[in-house]
Amino acid sequence: MAESFTPPIRLTRRHLLGASLTGIVLSRPAIPRAQESPIRIGFPVPLTGPYATEAQDQVRCAQLAVDEFNASGGLNGRRAELLARDDKLNPGEAATRTLELIEKDKVDFIVGSLSASVQLAVNNVARQRNVIYNSISQSDQIDALPDWSRTTFHEAMTPHMTAGAVGRYAFGKYGKRVVFLSADYAYGAEMVAGFKAAGAPLGIEVLAELKHPLGTTDFSTLMPRIAALKPDILCLCNFGRDQQIAVKQATDFGLKRTTRIVIPVILYTARLAAGPQAYEGVVGGTSYYWGIESSVPSAKAFNDRYRHAYDGKVPSDYGALGYAGVRAVLAGAARAGTTATDKVVAALEGMKYDFYKGAETYRACDHQAVQSLFIVESKSKDMSGPADVFSVLATDPANEASLLSCSAEGHAS
Amino acid sequence: MSGVSPDLLALQVFAGLALGAVYVLLATGMSLIFGMLTVVNFAHGAFYMLGAYLGLLALDATGNFWAALVLAPLGAAAIGMVAERTLIRRLYGRGIDYPLLLTFGLAYILVELVRIAFGTQGLPFDTPDALAGAVDIGVGYFPLYRLFVIAVTILVLGALWLFLERTPYGLIIRAGARDPEIVRVLGIDVARVWLVVFGLGTGIAGLAGLLAAPLQGASPEMGNSILAEAFVVTVVGGMGSLLGAVAAGLLVGLVVSMTALVAPEMEQVAIFALMALVLLVRPQGFFGRAGLMS
Chain A
1 MAESFTPPIR LTRRHLLGAS LTGIVLSRPA IPRAQESPIR IGFPVPLTGP
51 YATEAQDQVR CAQLAVDEFN ASGGLNGRRA ELLARDDKLN PGEAATRTLE
101 LIEKDKVDFI VGSLSASVQL AVNNVARQRN VIYNSISQSD QIDALPDWSR
151 TTFHEAMTPH MTAGAVGRYA FGKYGKRVVF LSADYAYGAE MVAGFKAAGA
201 PLGIEVLAEL KHPLGTTDFS TLMPRIAALK PDILCLCNFG RDQQIAVKQA
251 TDFGLKRTTR IVIPVILYTA RLAAGPQAYE GVVGGTSYYW GIESSVPSAK
301 AFNDRYRHAY DGKVPSDYGA LGYAGVRAVL AGAARAGTTA TDKVVAALEG
351 MKYDFYKGAE TYRACDHQAV QSLFIVESKS KDMSGPADVF SVLATDPANE
401 ASLLSCSAEG HAS
Chain B
1 MSGVSPDLLA LQVFAGLALG AVYVLLATGM SLIFGMLTVV NFAHGAFYML
51 GAYLGLLALD ATGNFWAALV LAPLGAAAIG MVAERTLIRR LYGRGIDYPL
101 LLTFGLAYIL VELVRIAFGT QGLPFDTPDA LAGAVDIGVG YFPLYRLFVI
151 AVTILVLGAL WLFLERTPYG LIIRAGARDP EIVRVLGIDV ARVWLVVFGL
201 GTGIAGLAGL LAAPLQGASP EMGNSILAEA FVVTVVGGMG SLLGAVAAGL
251 LVGLVVSMTA LVAPEMEQVA IFALMALVLL VRPQGFFGRA GLMS
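Those sequence lines, one after another, are chains A and B.
Each step along the first sequence adds one to the number in my numbering, with nothing skipped, and position 258 is 258.
Each step along the second sequence adds one to the number in my numbering, with nothing skipped, and position 273 is 273.
Keep in mind the hints are simulated off the structure, nothing from the lab.
We put the beta carbon where it would ideally sit given N, CA and C, even for glycine.
Some hints here could point you the wrong way.
To be verified - Away from chain B, derived, C-beta distances all over 12 Å, residues of chain A: (1) Glu100; (2) Ala334; (3) Ala412.
What the hints assert, rightly or not - Covered by chain B, per the in silico footprint, the following chain A stretches (three or more residues, Cβ under 8 Å): (4) 50 to 61; (5) 205 to 212; (6) 221 to 232; (7) 239 to 246; (8) 249 to 263; (9) 275 to 289.
Stated by the list, open to error - Chain B regions said to be covered by chain A (calculated; three or more residues, Cβ under 8 Å): (10) 5 to 13; (11) 138 to 144; (12) 214 to 220; (13) 257 to 266.
Sequences are here, hints too, so could you generate the full structure?
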């Protein structure tokens, strides 16, 4: 990146002085009505590191929601503004960025994060300062006491919902002898727990429970043992590049001969990076796949706006959550007619909406978005284009019964 | 641990050897560069990653994996030689920290350039058709491609040994490592020897990266984690010792593989525990000369 460091016009002190004076004069008329300051949404996501691809799509989608809100006139003329920050997938970094967003940038809402532990850190900071936080990544813990607070909302699904829906589908269809391979952190553990809860009434038999460190690049040492157990199902409870490499290497070891690979959250982005050969026949759950647009009008509308804004591409699953998360708090502000925390919380509680994937609602007790989940299978042939990667096998409809009960999460029901 | 059959154990050994093969290649290149130039090459992981991406480019241009197998290491070697000529050469004789810091920075630059050129997401790298799938090796199914990786490693090590021990040029390289001044007095251009050695080391790293690409795909960060493991192998084998790199690479592969049988989540820890143990008993590593780092 050879860039010239000489500015095209030589800047002198006089230039700068002149420029800042002009700025003061021009910005003057905007000052009197404080009410017209924009609605600021802080958006901490891991823009660098292993989930950068997903995070950057979250920003693209979130920006889309902001642009739509502004195009439709905003809140009585108040425009919205997105402040994306890099949380580096690190709880400490995320807490610092969130604190800055609240104290320095005076944001009205926080939306974001792409990891279970990071969202808990963000939530902790936001709730202490009475700022609404809408999380867009999976976690069971955030819905439950003591982490949850009245300002906490959860647009993403929970591992209990995801693994439950995928488990009920897979255990009934592919068999009951199961091996779990999970990433050794909160996400993996919550997913395995979700699968077991769904599998218990179906009588599944757990042959082995293997864990691997986060960021593993080689799974070859685990594959012979899994192959020797000949399970009906291999549940891969990991994410991002870990998932992509694990699927590829399981395929290389010929596991698909005897075993169906099932993934609670099958990522559009990981599938693109690993290619059709590796993911062939893999079944998983997703909160969103652009292909549902053939039957869901709001998905069609969302995809079209995304295509229009970003060179005909389609949004990813986690990206779409960024859209829904931001649009939700803006819709709450619009309903409340203000950005005051208490009024927006009241407006969001029990709100029914259909932004991009069919009907959703925020359950009153824990502010969890009750929503549908799609079971998809990865394609390797008859693809109409590079984005045509999954076929939708089933839809697990939005149903409160799929969630952990309010009392199990420690809420008074 | 219940249910560990002899067959499974044998397969596990194979998995460990295949894993070790990639470590061996990386550590060999690293050890070669350190042994001859006393440069601790922190950009070695980046050259490994470059090998994978150059392989993708070659595959795109030629459509032939075998062509990529030749072109990618050559490309990595060429980039390595440019880096040696323009950057690293200036720091010879200045103490071990200078080139270490330089290559550390170089690694960041190379990774960032690849992110800009190819995206952060990583790209798929399919196993070549002729080597795809798993074959029954008597004790169970094993991926054909991993057997191929073991075979290529053996070939490369054999060729390297012949080159260093049986050719006049190899003789000059070994002599240059032992006493560059005398070699220079004999009228030999030592600077060219160093250039070739650095190119050879980074070329082998590029080959390792290309070989790894069908196993895990290509991603800008693929060299970061394996760099730490390659260092462990180099240190355990003895800095600068090629024989040590081979022995330690295979040993680390086997330790990882056997740990996976008992406690997969401890794989990473086991590598470093092994290093700590070896360094306690034998601070210079298996075949290292004592006092080389000081």
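The hints, checked one at a time:
no., hint, result
1, Glu100, "holds, 24 Å"
2, Ala334, "holds, 35 Å"
3, Ala412, "holds, 38 Å"
4, 50 to 61, "holds (count 4)"
5, 205 to 212, "holds (count 3)"
6, 221 to 232, "holds (count 8)"
7, 239 to 246, "holds (count 3)"
8, 249 to 263, "holds (count 5)"
9, 275 to 289, "holds (count 3)"
10, 5 to 13, "holds (count 5)"
11, 138 to 144, "holds (count 4)"
12, 214 to 220, "holds (count 4)"
13, 257 to 266, "holds (count 6)"
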